[in-house]
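**Student:** What follows is each chain in one-letter form.
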Amino acid sequence: MSLHDQDDLALRHAQEERLRAAWEPPRGLFLRWTDTNNNRVGVWYTLTAFGFMLFAGVLALIMRTQLAVPDNDLVSPATFNQLFTLHGSAMMFLFAVPMFEAVSIILLPQLLGARDLPFPRLSAFGYWSFLLGGVFVLGSIFFNVAPDGGWFMYPPFTTRTDLSGLGADIWMLGLSFIEVSSVAAAVELIVGILKFRPPGMRLNLMPLYAWYILVVAVMILFAFPPLIAGDLLFEMERLLGWPFFDASKGGDPLLWQHLFWIFGHPEVYIIFLPSIALFAMLVPTFSQRHLLGYPYIVLAAVGTAFLSFGLWVHHMFATGLPKISLAFFSAASQAVVIPTGVQIFALIATIAAGRVIFSTPMLYATGSLAIFVIGGLTGVMVAIVPFDWQAHDTYFVVAHLHYVLIGGTLLPLIAGLYYYWPLITGKKLSDKLGRTAFWIMFAGANLTFFPMHFSGLLGMPRRVVTYSAELGIGWLNMLSTAGSYVFAAGMLVVVVDLCLSPRRAKAARNPWNAGTLEWLALPEDENWGIRSVPLIETRYPIWDQPDFMRKVDEGRFFLPDAEEGRRETISTTVLDARPLAVVRLGGPSWLPMMTAFALGGVFIFTTYHLYWAALASGFLTLAVTLRWLWTTAEIPEKPLKPIGHGLELPLYISGPQAPGWWAMFITMIADATAFSGLVFGYYFFWTIHPEFPPPWADGPGLGWPMIALAITLAGWVATIMARTMNKRDAALPTRLLLGAAGLLSVLAIPAGLAGPWLSGLDPTAHSYPAIVWTLAIWTVAHSGVGAIAQFYALARSLAGRMTAQYDADIRNVTLYHHFMVFTAIVTWCTLGLFPEVA
Amino acid sequence: MGSRNTLSHLAKPIVSGAGLALLSGCNRHQSALAPFGEDAAAIEHLTIVMVVGAVVIAIALALLMRWAVKSPEGSLTLISGERLIVILGAILPAVLLLGLLVYSLPQMRPHPVEAADLKIDVTGEQFWWRVRYAPPGGEPVISANAIRIPVGRTVLFRLTASDVVHSFWIPGLAGKMDMIPGRVNELPVKATKPGVYRGQCTEFCGLSHAWMAFEVVAMEPAAFDRWLAAERRPAKPIDGRGRALFASYGCGGCHAIGGTDQSGTVGPDLTHIAARRSIGAGALPVTQDALVRFIRASSEVKPGSRMPAFPQMSEGDARDIARYLGELR
Chain A
9 MSLHDQDDLA
19 LRHAQEERLR
29 AAWEPPRGLF
39 LRWTDTNNNR
49 VGVWYTLTAF
59 GFMLFAGVLA
69 LIMRTQLAVP
79 DNDLVSPATF
89 NQLFTLHGSA
99 MMFLFAVPMF
109 EAVSIILLPQ
119 LLGARDLPFP
129 RLSAFGYWSF
139 LLGGVFVLGS
149 IFFNVAPDGG
159 WFMYPPFTTR
169 TDLSGLGADI
179 WMLGLSFIEV
189 SSVAAAVELI
199 VGILKFRPPG
209 MRLNLMPLYA
219 WYILVVAVMI
229 LFAFPPLIAG
239 DLLFEMERLL
249 GWPFFDASKG
259 GDPLLWQHLF
269 WIFGHPEVYI
279 IFLPSIALFA
289 MLVPTFSQRH
299 LLGYPYIVLA
309 AVGTAFLSFG
319 LWVHHMFATG
329 LPKISLAFFS
339 AASQAVVIPT
349 GVQIFALIAT
359 IAAGRVIFST
369 PMLYATGSLA
379 IFVIGGLTGV
389 MVAIVPFDWQ
399 AHDTYFVVAH
409 LHYVLIGGTL
419 LPLIAGLYYY
429 WPLITGKKLS
439 DKLGRTAFWI
449 MFAGANLTFF
459 PMHFSGLLGM
469 PRRVVTYSAE
479 LGIGWLNMLS
489 TAGSYVFAAG
499 MLVVVVDLCL
509 SPRRAKAARN
519 PWNAGTLEWL
529 ALPEDENWGI
539 RSVPLIETRY
549 PIWDQPDFMR
559 KVDEGRFFLP
569 DAEEGRRETI
579 STTVLDARPL
589 AVVRLGGPSW
599 LPMMTAFALG
609 GVFIFTTYHL
619 YWAALASGFL
629 TLAVTLRWLW
639 TTAEIPEKPL
649 KPIGHGLELP
659 LYISGPQAPG
669 WWAMFITMIA
679 DATAFSGLVF
689 GYYFFWTIHP
699 EFPPPWADGP
709 GLGWPMIALA
719 ITLAGWVATI
729 MARTMNKRDA
739 ALPTRLLLGA
749 AGLLSVLAIP
759 AGLAGPWLSG
769 LDPTAHSYPA
779 IVWTLAIWTV
789 AHSGVGAIAQ
799 FYALARSLAG
809 RMTAQYDADI
819 RNVTLYHHFM
829 VFTAIVTWCT
839 LGLFPEVA
Chain B
-8 MGSRNTLSHL
2 AKPIVSGAGL
12 ALLSGCNRHQ
22 SALAPFGEDA
32 AAIEHLTIVM
42 VVGAVVIAIA
52 LALLMRWAVK
62 SPEGSLTLIS
72 GERLIVILGA
82 ILPAVLLLGL
92 LVYSLPQMRP
102 HPVEAADLKI
112 DVTGEQFWWR
122 VRYAPPGGEP
132 VISANAIRIP
142 VGRTVLFRLT
152 ASDVVHSFWI
162 PGLAGKMDMI
172 PGRVNELPVK
182 ATKPGVYRGQ
192 CTEFCGLSHA
202 WMAFEVVAME
212 PAAFDRWLAA
222 ERRPAKPIDG
232 RGRALFASYG
242 CGGCHAIGGT
252 DQSGTVGPDL
262 THIAARRSIG
272 AGALPVTQDA
282 LVRFIRASSE
292 VKPGSRMPAF
302 PQMSEGDARD
312 IARYLGELR
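As given, the protein sequences belong to chains A and B, one line each in that order.
When we follow this note's numbering, the leftmost residue of the first sequence carries the number 9, and every step to the right adds one.
When we follow this note's numbering, the leftmost residue of the second sequence carries the number -8, and every step to the right adds one.
FYI, nobody ran anything at the bench for these hints, they're computed from the structure.
Do not take every clue at face value.
Unchecked claim - 30 Å max Cα-Cα, derived DSS-like pairs, lysine-lysine:
# : chain 1 : residue 1 : chain 2 : residue 2
1 : B       : Lys181    : A       : Lys331
2 : B       : Lys61     : A       : Lys257
3 : B       : Lys61     : A       : Lys436
4 : A       : Lys514    : A       : Lys559
To be verified - Simulated coverage check for chain B against chain A, where a stretch passes if three residues somewhere in it have a Cβ under 8 Å from a Cβ of chain A:
#  : region
5  : 22 to 35
6  : 59 to 73
7  : 126 to 132
8  : 153 to 166
9  : 183 to 194
10 : 262 to 271
Unchecked claim - Here are some, though not all, of the chain B residues that point toward chain A, as calculated from beta-carbon distances under 8 Å:
#  : residue
11 : Val47
12 : Ile48
13 : Gln98
In this text the structure is predicted, and so the values were computed from the model without any measurement.
Backbone N, C-alpha and C fix where the C-beta goes; we use that ideal spot for every residue, glycine too.
All chains, full assembly: derive it from the sequences and hints.
**Tutor:** Structure below.
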């Protein structure tokens, strides 16, 4: 195929037909839900998250109604506690984080000129998990069993089953399930950004949205796992009585607070940075110039991410920690103002340098920036330790966090909604309704939350079902309540605007005259994403690359065809985006939904103590997952495929070049982070106890942990040797070694459990045996998964799906075992050696 | 508290004047803006300085934004734009925040506490406050749900919790401090103005979190010493139906009344309950009707309260017990 072939109109039509056929969405009442295409899944995801947000907003309205006058008894305390817990939890876990992932699922492939995300079925899995988990958690309020411990669920209130009912389990298990899907989405987004950029789009040409999503997804990778580790400890205490947070048995409630806020503070930036990302897309468009200070804004985003992991203690200033650490965390909290300032001033500088078009999205952007700045300034105040001692856990903080979240997440998302609606539907939303809604919401937000600064300083604690008339804050609360209804009315106008959209006419293509790739989308959306994958030379190719749109549309760039009728896209190198391979993507399938529901079963059955059903669901999850995996790393019918311009790319890659390898690597980093959360628990207990392990407790001894470690190491060596043998095309030794390695991994399980078992450590007696058992179980469970992986590679080899050339499976399995060995060394040395030296 | 910068001296009358006008009518008993202690006063000062700074910055940013929107295309070049980003976005905030830290962090330094200072142990319980005065050289005095402190003397609160996390907050006196099971947190304070104030639990602790408050009475030192001596004394020896009923309903299983054989420690000590200004940790005033209501069904007043209801108790019995309690001053 040469350049001039694309002059042939008939050829182009034939290509389009083939592309259309390959990307044909499944139709029919049931089959349509098996779709995995990012356009479809992303829209479901966004609508679901938007729906959850509206639901959580209604919960807030009920609370505000209760608080309108002092000593009110409209809502019982039991209900009120469920309302505020669910409102906060839903806004955080079911709206803010999933919303950014949902929007990114829609936008990212468009921004990167890819046809879809690297693992479309993984997105679908994430969506179904999210839907199931969200309905499970939110639905609980209709049965009066919703979680009622506040969105940070501080033990021991929440771990004591006599004080907190089923709701606490619903929170822990339901949201853990969603956290798993959030991490899955993060893996997908990172791989998408690193490996699926169009040729020529070096990292420094990447649209800022992609930079931000990369930063945020990496943050999720390090922030969510500690919470998942905390959830695990939490449920072990609730379901089995292992006393991690019970001070009477050597536990400490503060361990949870640390694990929660190590997650919880980065979380704030996880939901705020994507909004700046949206601004960084729409501000250049409406200033009609490049964003000023691109390198500064990238550095600032990365800097914010780093700093955000060093601030968590500012949520714990009143817990009595040493003054020196309070001072450190106070200074670190102030420091985050600097990268935030850089980002905001980069936007302002762009506006000043450009020719501003004050469109509806721009109105939302500037308005939300104003609200965010107020929240940021009160943020500086609460980061000052003495002031925080007054403001902490009062309505002042409620005011602060809502200013930050409304200015930093909600209104920016609506700016994004008005900006990107034409991209998704081909139609513009109404400027009139949009501006009306903005002013109503802007007034409502300020009326609701500004008085709360005062009600807090005048003595109103957070999370109170009512307050005494003698505090004299009734009128402030009345203002807040009135404001909340005003705000809701504004949101209603937005919803009306959305509902009217289907009746409106299509807008022109690229209606805002933007410069970035996503605006190549046609008003009549084609499922294929992009007609041909362009060669990128600038940051704003539609503006700066001559004739760009026409060349893309006429298939004059890469991969303009789908000759084999398969869904394909181009994978490139991480740093400079040189083309590496054509990757074939998974199409519509029931597997993601089935896996999500099976895994959901594990969490939901455990909530109701139906352990056999949970176990059965676990086996079902394993079976479906293996079936799903079996379809991956498919051996292509030919090794190379031409993609135009005389370029031929392989259809199969493995190892560090391959998206699958990266997904495994990133997943294992998340896994190792969760593990370090547990290890942190062990050493945390050591720091709070004068003697740890307690002198009366016999540890697991030195012998068995060392044997378990030796077996794991042997299994690891065997796996590496199997990889080498496979490379040499020696099938028999490969298979023997894989079998042996699998058996060794299985053996590591009893060897690991023997130490704590034989020494009679009772995990319900004290935090020490409990954390020893937890680390041991975590590690042997990983050995178990490692064994399954090794036997899986063996089966693939036996089935002829893994050969010397097509070796993705064994390379990924080896990668898993590198991390496995790390886990085993840390666990068995901690359990076996640390008591010797402590 | 030593000298402050001049900006805040100029600003204080303006801000507090506006604040007072706005908040007139608000109660001054549980307010961080009506301090009666050294720490709260210092924090109020800090608050005013920061609010003034925040308002100035917000206005400056709004003006800058207005200029950015109105300015013609090309008002900034790449170079001047990047300079703006670095100077206003990074250098200026760094300088301002460094100043704020240098100004604010020394205020974390606590009052020095000496062995001769009064210590008060307060334990948060669902949903009340166990109070134990430990005066230097004297026997401890047990009380509940009300705290009295001498003006002008350093007092050290030692705070913990028995069941779940609570938080101890007397906004007019000082910042809050969490009460965490298994840990003892120290909060030294010094009251400056006598009066009756209010404190409240600020860490969500369950169904009656909203009704877990207490009164705080700051007294002249001499009056305080007299009061403590009186508080130490056992209850007045009152005989009558109420006292007998108190025993026969088993109230002493949880409550103690000093000088009688009623010595439970599960619930609040009632030796001088009538001398307090509220019952149920700020839930109701000390009246006969309120006492009757609380005795018969405390969980109607305070949901989740561990005190059992006495549906079989007649109104008359409840009144007699209430009358007895009403005399325990």
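**Student:** For each hint, tell me whether it holds in the structure or not.
**Tutor:** Hints, one by one, checked against the model:
1. B:Lys181 - A:Lys331: holds (19 Å)
2. B:Lys61 - A:Lys257: Roughly 65 Å between the alpha carbons, so the hint for Lys61 of chain B and Lys257 of chain A is violated.
3. B:Lys61 - A:Lys436: This hinted pair holds, its Cα atoms lying about 26 Å apart.
4. A:Lys514 - A:Lys559: Judged against 30 Å, a Cα distance of about 23 Å means the pair holds.
5. 22 to 35: holds (count 7)
6. 59 to 73: holds (count 12)
7. 126 to 132: n = 0 at 8 Å, threshold three: violated.
8. 153 to 166: With 8 residues in contact (Cβ-Cβ under 8 Å with chain A), the coverage given for the region 153 to 166 of chain B holds.
9. 183 to 194: This one holds; 5 residues, not fewer than the three required, reach chain A with a Cβ under 8 Å.
10. 262 to 271: violated (count 0)
11. Val47: violated (10 Å)
12. Ile48: holds (6 Å)
13. Gln98: holds (5 Å)
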